[in-house]
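Those sequence lines, one after another, are chains A and B. Here my numbering is used: the first residue of the first sequence is 1, the next is one more, and so on. Here my numbering is used: the first residue of the second sequence is 119, the next is one more, and so on.
These are computed hints drawn from the structure, not numbers from a lab. Treat the hints with care, since some could be wrong.
Listed next, the in silico BS3-like pairs over lysine-lysine satisfying Cα-Cα at most 27 Å (straight line) [stated by the list, open to error]:
(1) A/K58 to A/K44
(2) A/K83 to A/K44
(3) A/K44 to A/K118
(4) A/K32 to A/K58
(5) B/K152 to B/K204
(6) A/K32 to A/K118
(7) A/K83 to B/K152
(8) B/K152 to A/K32
(9) A/K58 to B/K152
Given the structure is predicted, the values throughout are model-derived calculations rather than measurements.
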Amino acid sequence: MKLRINLMRTLSVLAVTAASCGFVGLAHAADKAPVGNATAAVNKISMCIGCHGIPGYKASFPEVYHVPMIAGQNAEYIVAALKEYAGGTRTFPTMEAIAATLSEQDMADLAAYYSSFK
Amino acid sequence: MKKLTLALAASLFVATGSAASAADLAAGQAAYQKYTCASCHGADAKSPIMPAYPILAGQHADYLAHALKTYKRGQAGAPATSNIRKNAVMGAMAMQLSDADVANIAAWLASLPTPLSVR
């Protein structure tokens, strides 16, 4: 009987520990990656639409090419690309300059906005 | 007579043009398979195995070709001012591609049904 009570107590302690670990894990993940808000992005797209919102718009150097379609793209990829521009592993003068001005929340909001057009 | 000649020439031109682009598309699809692009980007090029990977289907062909070239330049150690991308996976993949592979793959991808649009 006593053994069973001890067992139950141990199990419940384990369960509580596991639950709080999961909680902390979630909170931690939220700190790392802000949740994007497509509505908030409406005030942040002015720097994007001047190129990406114009049909047929082209960029140059060293190749001349249409700027990519970003509406309908995966949100996580958009954030990854912006972070690469901001961090220097992807280089293009215009995009580097713009990405450097964006907070992680801005990036998440813009990604939520553009990915919502699928 | 002159008109007829012109019409004939024009139809020949169109026929040659479409034949050439059809060959490019087929070669592009074959190269997409050969270089195992589908294993990450999906057979339809719009269902990547990770959401951090891009949808390629229907993207502008010239942009896709440009992107592959930036991966090549990044892998080859070109300076950052030359418009590069440094990515271990895509750098290694892109280095295997000839200029013709790049053009064909980009053309085939651009021809696919897409969720992408200009907004």
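Distance restraint between A/K58 and B/K152, which requires alpha-carbon spacing of 27 Å or less: violated (30 Å)
27 Å limit on alpha-carbon distance, applied to hinted pair A/K44 and A/K118: holds (20 Å)
Given pair status - A/K44, A/K83, alpha carbons within 27 Å: holds (16 Å)
27 Å limit on alpha-carbon distance, applied to hinted pair A/K83 and B/K152: Violated, because 31 Å separates the two Cα atoms, which is more than 27 Å.
Straight-line alpha-carbon gap A/K32 to A/K118, limit 27 Å: OK: A/K32 and A/K118 at ~26 Å, within 27 Å.
Straight-line alpha-carbon gap B/K152 to A/K32, limit 27 Å: violated (37 Å)
27 Å limit on alpha-carbon distance, applied to hinted pair A/K32 and A/K58: Not satisfied, since the Cα-Cα distance of roughly 34 Å exceeds 27 Å.
Hinted pair B/K152 and B/K204, Cα distance within 27 Å: Status holds; Cα separation ~23 Å.
Hint consistency between A/K58 and A/K44 [alpha-carbon to alpha-carbon, up to 27 Å]: OK: A/K58 and A/K44 at ~22 Å, within 27 Å.
Hints 4, 7, 8, 9 from the earlier list are contradicted by this structure; the remaining hints agree with it.
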